[in-house]
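Chain by chain, the residues:
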Amino acid sequence: MSDPNQESEAAAKARRARNLLLAGALIGFVVLIFVITVIKIGHNGGLTP
Amino acid sequence: MNTTEAIAAGASPAADVARASDYIALLKPRVMSLVVFTAITGLLCARTPIDPWLGFAAILCITIGAGGSAALNMAYDSDIDAVMRRTKRRPVPAGRVQPSDARALGLTLSILSVGVMGLATNWLAAGLLAFTIAFYVLVYTLWLKRRTPQNIVIGGLAGALPPLVGWAAASGTAPLNAWLLVAIIFVWTPPHFWALSLYTCEDYAAAGVPMMPLVRGRASTRWQILAYCLVLAPLGLAPVITGLGGVLYAAVASLGGLGLIALVARLAASGPRDDVEPVAADGRTTLYKVGKGARRARDVFAFSLAYLFALFAALLIERLAGLAPLSPGLIPQVFP
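Protein chains in written order, with our numbering: chain A, 1 to 49; chain B, 50 to 385.
Misleading hints may appear alongside valid ones.
Label-pair restraints from in silico Cβ distances [unchecked claim]: (1) A/7 - B/191: 33 to 39 angstroms; (2) A/44 - B/152: 35 to 41 angstroms; (3) B/78 - A/13: 18 to 24 angstroms; (4) A/22 - B/304: 44 to 50 angstroms; (5) A/8 - B/102: 42 to 48 angstroms; (6) A/9 - B/156: 29 to 35 angstroms; (7) A/8 - B/97: 49 to 55 angstroms.
Chain B stretches covered by chain A per the calculated footprint, using a threshold of three residues with CB under 8 angstroms from any CB of chain A [claimed, not checked]: (8) 98-106; (9) 163-176.
Negatives, chain A to chain B, calculated, CB over 10 angstroms [to be verified]: (10) 27; (11) 41; (12) 44.
By construction, these hints were calculated from the structure, which means they are not laboratory data. The beta carbon of each residue, even a glycine, is placed where N, CA and C say it ideally should be.
Chain A extracted, bound-state conformation (with noise of 0.2 angstroms):
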C-alpha cells in the first residue's frame, strides 16, 4: 500500500530545482556582499595604517 503523503517524482524535482535557485540566490549574496566590501575597503586605502 502506499504512502498518501509521499512526494510525487514531479513535486520532488520542483523542490530540487527551487532549492538549488535558492541556494545559488545566497551564494551570489554572499559573494556581492563580500566584493563590495573588497572594493570599499580599497577605496578608502586599505587596512594598513
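For chain A, the structure is supplied; the task is to place chain B on it using the hints.
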C-alpha cells in the same frame, strides 16, 4: 494547498507544484528588463566614474528591487489577475504559489535591494529606490489601481524613476537632466498603457479595474493618448538642448516622435466600432496578436515601446561611444 490536498481535490499531482521558474515569473522579468535598461542609461549618463563592480551592484539592486515590488504586486492583485486572460496563468492566481509566499519573497527582495544599494553606492540612491518600491506597491497597487482611471498616470512615476536611481547611484546627486529622463518615461506611460487597455478593456472590466476606456470611453481615451503624445514628442527632444543628447539622439527623437504622432493620430481618427475586435482569427489573444479592429491600438502600444527603447538606446550608445552632446546645455547651471 499542498500536494496531498490537491490530489484529494482531483487536481493533477504536478498541476500546482511551484517550480523555480514560477518564482522567477513573480519578479515580472519582462518589466524588469526595461527598468534595468533605463537604469543603466541613467547610471552612464551621470558621467561620473564608478567602479564597474559597484555599478553592476547598483543595477542588480535596481533589478532586484523591481522584482521585489512586482512580487508584492502579484501577491495583492491575485484576485483580479485570476479573472484576466493575460494574467490568469501567473503563479499566484494559478495556485502554484501562495500569496503569503509571494509577499514574503517581495518584502525580502525589496529590503535587501535597498540595504545593499546603500552599502554599495550611497544612501540617496537607496532612498530613491525605497521610494520607488513603496510608491509602486502602496500608492499604485494598494491605492490607485482599483479606484481611479488616473491609476497609471500617477502610478507611472514608479516606472519612471529607475534612470534617476541609476544616476544617483553613480554620482550621488539627482540633477535636472536625470529628472528629465524621469519626465520622458512618466509622460510616455499613460499613452502606452491606454493603447493596450483599448483592446484589453473587457478583461479590466471583468476585474473591476477602472481603466480609462471603461470610465471615459474609447473615443475620449484615444484623444487623451494623442494629447499626451503631443507633449511627449517635444519632451523627447528636450535632452538635446539640455546637453544630454547628441546627433544620434536628436535623429531618433525626431523621427520616433513624428512616427508616434502619426500612429496616434490614425488611432484618434478611428471609428466607434474600432478596437472592439481584440481576438485574432485563430481565437487567441496576446499583447501583439490581435484582430483587425484592434490593430491601430496595438500598433501604438508596440511602437511606443520601441520609441522609448530607441530613445534610451541612443543615449546609451552615445555615452558608450564617447559622442559629444549637441549642445553643452542652454542653461548649464540648471542642467549641469
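So, going through the hints one by one against the coordinates:
Checked against the given bound of 33 to 39 angstroms, the beta carbons of residue 7 of chain A and residue 191 of chain B, roughly 37 angstroms apart, stay inside it. The hinted range of 35 to 41 angstroms is satisfied by residue 44 of chain A and residue 152 of chain B, whose Cβ atoms lie roughly 38 angstroms apart. Roughly 22 angstroms separates the CB atoms of residue 78 of chain B and residue 13 of chain A, a value that falls within the hinted 18 to 24 angstroms. For the pair residue 22 of chain A and residue 304 of chain B, the supplied restraint of 44 to 50 angstroms holds, since their beta-carbon distance comes to about 47 angstroms.
Look at residue 8 of chain A against residue 102 of chain B: about 43 angstroms separates their beta carbons, and that is inside 42 to 48 angstroms. Residue 9 of chain A and residue 156 of chain B have their C-beta atoms about 33 angstroms apart, which keeps the hinted 29 to 35 angstroms range intact. Against the hinted window of 49 to 55 angstroms, the Cβ-Cβ separation of residue 8 of chain A and residue 97 of chain B comes to about 54 angstroms, which satisfies the hint. Coverage of a stretch by a chain is defined here by at least three residues with a beta carbon nearer than 8 angstroms to that chain's beta carbons; for the stretch 98-106 of chain B and chain A the count is 4, and the condition holds.
Residues of the stretch 163-176 of chain B with a Cβ under 8 angstroms from some Cβ of chain A number 3, which satisfies the need for three, so the listed coverage holds. A cut-off of 10 angstroms between C-beta atoms confirms that residue 27 of chain A is not in contact with chain B; the least separation is 14 angstroms. For residue 41 of chain A, the non-interface assignment is confirmed: its Cβ lies about 12 angstroms from the closest Cβ of chain B, beyond the 10 angstroms cut-off. Residue-level check passed: residue 44 of chain A sits 13 angstroms from the nearest beta carbon of chain B, beyond 10 angstroms.
Hint violations for this structure: none, all hints satisfied.
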